[in-house]
Every structure is written in structure tokens, then in C-alpha cells.
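J.: Chains as they are written, first to last, in this note's numbering: chain A, 25 to 332; chain B, 77 to 355.
Don't take every hint at face value.
DSSO-like mimics (lysine-lysine), calculated; alpha carbons at most 30 Å apart, straight line [said to hold, decoys possible]:
(1) LYS118(A) with LYS157(A)
(2) LYS192(B) with LYS118(A)
(3) LYS118(A) with LYS153(A)
(4) LYS153(A) with LYS267(B)
(5) LYS157(A) with LYS192(B)
(6) LYS235(A) with LYS350(B)
(7) LYS118(A) with LYS267(B)
(8) LYS153(A) with LYS350(B)
(9) LYS350(B) with LYS118(A)
(10) LYS267(B) with LYS207(A)
(11) LYS350(B) with LYS192(B)
(12) LYS166(A) with LYS153(A)
(13) LYS153(A) with LYS235(A)
(14) LYS207(A) with LYS118(A)
(15) LYS350(B) with LYS267(B)
(16) LYS350(B) with LYS166(A)
(17) LYS267(B) with LYS235(A)
(18) LYS207(A) with LYS192(B)
(19) LYS192(B) with LYS235(A)
(20) LYS166(A) with LYS192(B)
(21) LYS157(A) with LYS235(A)
(22) LYS166(A) with LYS207(A)
(23) LYS192(B) with LYS267(B)
Honestly, the hints are just simulated from the structure, not real lab data.
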Amino acid sequence: MPEPVIATQNLIKRYQDFVAVDGISFEVAPGESFGLLGPNGAGKSTTMRMIGAVSTRTSGDLNVLGLDPNRYGPEIRSQLGVVPQENNLDMELKVRENLLVYGRYFGLPRARVARRADELLEFAQLADKASAKVDDLSGGMKRRLTIARALINDPRLLLLDEPTTGLDPQARHILWDRLFRLKEQGTTLLLTTHYMDEAEQLCDRLVVVDKGRIMAEGSPADLIRRYSSREVLEVRFGSTQNAAVADRIQGFGERVDVLPDRILVYSDSGENELEQMTAAGLRPITSLVRRSSLEDVFLRLTGRNLIE
Amino acid sequence: MTGPHLSPSTLTAGARAPRTFGSLYAGNARSVMARGWRATRSSNSLAILSGFVEPIFYLLSMGLGLGALIGQVHTADGASVPYAAFIAPALLAVAAMNGAIYDSTWNVFFKMQFAKLYEGMLSTSLGPLDVALGEISLALVRGLLYATGFLLVMQALGLNLSWWALLALPAVVLIAFGFASIGMAVTSYMKTFQQMDWINFVLLPMFLFSATFYPLSVYPQGIQYVIQALPLWHGVELVRGLTTGQIDPGMLWHVLYYAVMIMIGLIFTTRRLKALFLN
Chain A
25 MPEPVIATQN
35 LIKRYQDFVA
45 VDGISFEVAP
55 GESFGLLGPN
65 GAGKSTTMRM
75 IGAVSTRTSG
85 DLNVLGLDPN
95 RYGPEIRSQL
105 GVVPQENNLD
115 MELKVRENLL
125 VYGRYFGLPR
135 ARVARRADEL
145 LEFAQLADKA
155 SAKVDDLSGG
165 MKRRLTIARA
175 LINDPRLLLL
185 DEPTTGLDPQ
195 ARHILWDRLF
205 RLKEQGTTLL
215 LTTHYMDEAE
225 QLCDRLVVVD
235 KGRIMAEGSP
245 ADLIRRYSSR
255 EVLEVRFGST
265 QNAAVADRIQ
275 GFGERVDVLP
285 DRILVYSDSG
295 ENELEQMTAA
305 GLRPITSLVR
315 RSSLEDVFLR
325 LTGRNLIE
Chain B
77 MTGPHLSPST
87 LTAGARAPRT
97 FGSLYAGNAR
107 SVMARGWRAT
117 RSSNSLAILS
127 GFVEPIFYLL
137 SMGLGLGALI
147 GQVHTADGAS
157 VPYAAFIAPA
167 LLAVAAMNGA
177 IYDSTWNVFF
187 KMQFAKLYEG
197 MLSTSLGPLD
207 VALGEISLAL
217 VRGLLYATGF
227 LLVMQALGLN
237 LSWWALLALP
247 AVVLIAFGFA
257 SIGMAVTSYM
267 KTFQQMDWIN
277 FVLLPMFLFS
287 ATFYPLSVYP
297 QGIQYVIQAL
307 PLWHGVELVR
317 GLTTGQIDPG
327 MLWHVLYYAV
337 MIMIGLIFTT
347 RRLKALFLN
């Protein structure tokens, strides 16, 4: 097996009396697209920052591109592309200038940066915006520019912290398409997200993180198989009836989840469960059979309580 | 989208080489300066112009206007010079201070708190010392341009009394360097606009009372000591000695004062940027 691009072993980050990352271990292979999934405050961004060599770990082992970030921060950063959670584009510069100036921060030759900037504007579908002000770009365009900027140094590893949060569906799909192309070209991607569809689209493998710990690890399909069923039947009986009916539904499928507004039945065949339910005299107002998703896994592992 | 990917061997070969400043400095402050030039060119040209004309307006109104009423004044060395020639070097030192302070405080505060500019820079191979030196150098180059313009105006008005005046240019850069490095260090500890106002609260009295508009000898001895402890007084005396040609070896103390100020400022700025962005 080739040397992993990222290897963490019992990684811990403590701020005074608060533990943000509490013993995380995983490895990412070259060319792999790896996801950190978790609710807000799970420790995803802190993990990203340690891997990005801009935050020092409290304890544990961390190896990025074969080097220890504590000792080789600048060398590691010179091989990384970083897309932070909040865009930090240079508002005082034009679109293309943002790429030129950023490339120079890496000490790259002017001519090479200029050539690369034009390629990247093309890639990010921003070629016609080259001399526009950053402020005049849409949210999706700013995000694509941030990604283009992160690629200016031909990074071996691209870190994406919630790449599509706050974008509309069209913009998200364009972005996914671009990221998928990078993946096809062999760039190793590490991304955090709390969008399950995003993780399913982009990640070969992922870990679900909650309260600084890894709850599960595997490919999306793998995790669904392990922590959920093939299908989910969602039935509604009206909020007043829900609790009363709940008792009679226990025992259906592999597992039943009673929510305030609906009941979820996890099963290999949602249609079968629905038939049996009807046979037992239960008449839901609405019913829906769908494939199980990573969201079901996520909610099962991290709970349904709102995290704030 | 295809580009040369560095192989692991080339990376590690360069990476293992020892470096003097470790992770603090990549020797690439010029890229931070270059960024500043571009940004200035496209957005701040008016601020540049006002920084240039402001001290000239002061010189015309107070030096020529008020100077007509005052006539001659005595410098610290006891020489008698026209009032305009007395305050012109002080205004030059003040302009250096104000420019450096503006660039290193408000400008830096905004970039740190709102534009997240440094966060972006420090996720590249730049170190905090590159950022600090780059930003400060830019302030110095700008200060040098102002000073050159101002000295030319002084020359035209006959207020440079000696060829030593040429050395006022490096002196002004030294003064600006001192204020810029301290200013950036102080700013890196600031969190709110209210705290930033404290900077002006300190600067204004220093501007008015540092033997800028009248000789230090007007104060009682106790107050003289206080004024002499402040950085601007050293700057004013240094530049005044040069433009009026009153040279003495004691001026080296002024130089030393600024050298120490620069060191302290750089140490704190670098340490603070590291704590803020590479914790």
C-alpha cells in the first residue's frame, strides 16, 4: 500500500478545559476522497486546521504528506490547497489578481502563476469574470474562485471545509462537478460537510464525527448497510395520533424510529411493511417508501437532538 | 487542469533542509508587499494623495502664516532659525508617524478582523514574519515617497538649512519603521473599534506636545523628562538636527531608541500573529 497522504493516530486538540478533538485516528490514501461528517461543533474544522498545519495538536500523531506539521508547517502548506469554511478572498483585488497574488505567496515564478491562473479561471468557469471585482461575484462564483485559488500551487491534497454550505442547488451541482473532475485527475480530497447528499456524491470513504470522536468509518454504501436498512418507510398518522399508533408499530421492520410528526420503519422492503401495516388495520394519512441514505446513518449515530 | 505534481522525493529533499527562522519566516515578504501595491493601486489612491498633502498644508499655514508673526526660534542646540524651518522637520517626522500608524493599525485591524486576509496568507507557505515584514515594508516605502515630496517642498521654500537634510530620508524611514512595528503589535491585540480609538487618544497629544511647534525648553524640567521618554520627540529632534544642520553625536541615541522600538514591535507582532493564526 502506498504511503498515506494523511495519517492520524489518537489525535487530540484541547483548548483550556474544552476538548475539541478527542482521539481521532484515520488514514487517507493518495487519490482518495475522504469526508469528515458531523454536526456543528463536532471538531471537523479543528481537525482540518491541524491537518492544514495552521493549528498545533495537543497530543497524538499526525502525518501529512509524510511530514509532521509541528516541524514542517510551511513545507506541508506549500503542497496543500485550502478552501476555508468562510471565503477569505482578497476584496481589494480583482478576480484574476486574486489568483496571481496568491500564487506568489507560495514563491512560485510569475510566468508559471500567470499561466496557471488562466487555466484555473477556465476550470472554475470564471474566464469572462477575470477583471471583475470579487464583490460583484455571486456566492457560487466566489466559492469557485476560492477553489481555483486553492489549486494555484498544484496541491497534492485539497482541504475543503464545508465547500457548498449556503449555495443554491444549481451552484452546488456545478461545484460538485468541478470537484469530481479533480478527483478523477487524482487529487486527494479531504472535505467536511453536514450535507449527506454531498458526502454520498463525493466521498469514497468517510468518518462520522461527533463530540470530537469518530462514531463510524466506511464507504457511504458500507455505512448505510451497517447502520441502516435498505429502505425506509415513512408514515404519518397526524401529530395527535402519532404517539398512540407508535406502540402498535413497534416490531415492524428491523427498527422503528418515532418522531413527533412521523414514524420511520427501517426494512429491506418498505412496500412489504406497508402492506402488513394495512393488513393490521393501520391507516396512515401519508406513506413514503425511499432508499436509506447517509442521513439515516448520521441521525442514528449522532442523535436527533439539536446541537447548538 | 493538468500541472506538474511534485513527487514526494523532491518535497522531502527541500523540506528537510534546516531554516534559520523555522516556521516563522519563508523569506517571501516581497509577495505580501506586491499584494499591497496592487491593492493600493486599485482602491486607495485618494488616501495616498491626502497623506502627501496634509503635512504640506500644515507647513504652509503654520510655518509661513504663523511664522510671519513669530520670526526666529532657538533649537535645542541654541541656534536661531526661522520658525518655518523649525517646525518643517517636526511635521516631516509627524507625517512619517501618521502614515506608519495608519498603515499598521486601522489598515491591519481591518484586514485581520474583517477581510481575513492574513488567515488566507498564513495558509500558504508564508510565515507570520513574512506577513509582518511585508506589511511594514510597504508602509515604509509609502512613507519614503511622502518624505521625498515633503523635502522637495522644503527645499523650494528654502527651509533645508544644510546638506545633512538628505539624511532626513533614511531617518524618516527609521521613524516610520519604529511606529509601524509597534502599531502592528498593538493592533494585533485589539478586538473592537472602541479599543482602536485609544490609539488616536495617545497619538494626538504626542503630536501636539513633542516639541513639535515650540522648543522643549518651554516646559518645566519634570515635564521635559516625560516628553523625552516619548518616541515622537526623538524623531522630531533627529530630523530637526539634520535639516537644520545642527549635528551632534547625541543624535545616535535617537537612532538607538528607534532600533529598540523596531525590535520590540517585530517580536510582539510575530509572536502574536503566530498565536492568532497558527495556534
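J.: So, for every hint listed, does it hold in this structure?
T.: Hints, verified against the model:
With a C-alpha separation of about 5 Å, the suggested pairing of LYS118(A) with LYS157(A) holds against the 30 Å cut-off. The straight-line distance between the Cα atoms of LYS192(B) and LYS118(A) is roughly 17 Å, inside the 30 Å bound, and the hint therefore holds. Distance hint between LYS118(A) and LYS153(A) is fulfilled; the C-alpha atoms sit about 9 Å from each other, no more than 30 Å. Proximity of LYS153(A) to LYS267(B) is assessed by CA-CA distance (about 35 Å); at most 30 Å being required, the pair is judged violated.
Straight-line distance between C-alpha atoms of LYS157(A) and LYS192(B) comes to about 17 Å, which keeps the hinted pair within the 30 Å bound. A threshold of 30 Å between alpha carbons decides the hint, and for LYS235(A) with LYS350(B) the separation of about 27 Å falls inside it, so the pair holds. Under the criterion of a C-alpha separation no larger than 30 Å, the hint pairing LYS118(A) with LYS267(B) is consistent with the structure, at around 28 Å. Proximity of LYS153(A) to LYS350(B) is assessed by CA-CA distance (about 35 Å); at most 30 Å being required, the pair is judged violated.
Annotation: proposed proximity of LYS350(B) to LYS118(A) holds, straight-line Cα distance about 28 Å (limit 30 Å). Pair hint LYS267(B) plus LYS207(A) does not hold up; C-alpha atoms about 40 Å apart against a cutoff of 30 Å. With a CA separation close to 15 Å, the supplied pair LYS350(B) and LYS192(B) stays within the 30 Å bound. Between LYS166(A) and LYS153(A) the alpha-carbon distance is near 11 Å, which keeps this suggested pair within the 30 Å criterion.
About 42 Å separates the Cα atoms of LYS153(A) and LYS235(A), which puts this hinted pair outside 30 Å; it is violated. Distance restraint check for LYS207(A) and LYS118(A): the Cα-Cα separation of roughly 28 Å lies within the 30 Å cut-off, and the hinted pair is therefore satisfied. Among the hinted pairs, LYS350(B) with LYS267(B) is consistent with the structure: their alpha-carbon atoms are about 16 Å apart, no more than 30 Å. For the proposed pair LYS350(B) and LYS166(A), the alpha carbon gap of about 28 Å is at most 30 Å, so the pair holds.
Our distance criterion of 30 Å between C-alpha atoms is met by LYS267(B) and LYS235(A), whose separation comes to about 29 Å. Taken as a hint, the LYS207(A) and LYS192(B) pair is honoured in the structure, with Cα atoms around 28 Å apart against an allowance of 30 Å. For the hint pairing LYS192(B) with LYS235(A), the CA-to-CA distance comes to about 27 Å; that is within 30 Å, so the pair holds. Between the alpha carbons of LYS166(A) and LYS192(B) the distance comes to roughly 15 Å, so the proposed pair stays at or under 30 Å and holds.
As the CA atoms of LYS157(A) and LYS235(A) are separated by approximately 40 Å, the hinted pair breaks the 30 Å bound. Straight-line distance between C-alpha atoms of LYS166(A) and LYS207(A) comes to about 21 Å, which keeps the hinted pair within the 30 Å bound. Taking the CA atoms of LYS192(B) and LYS267(B), the gap is near 14 Å; set against the 30 Å cutoff, the hint holds.
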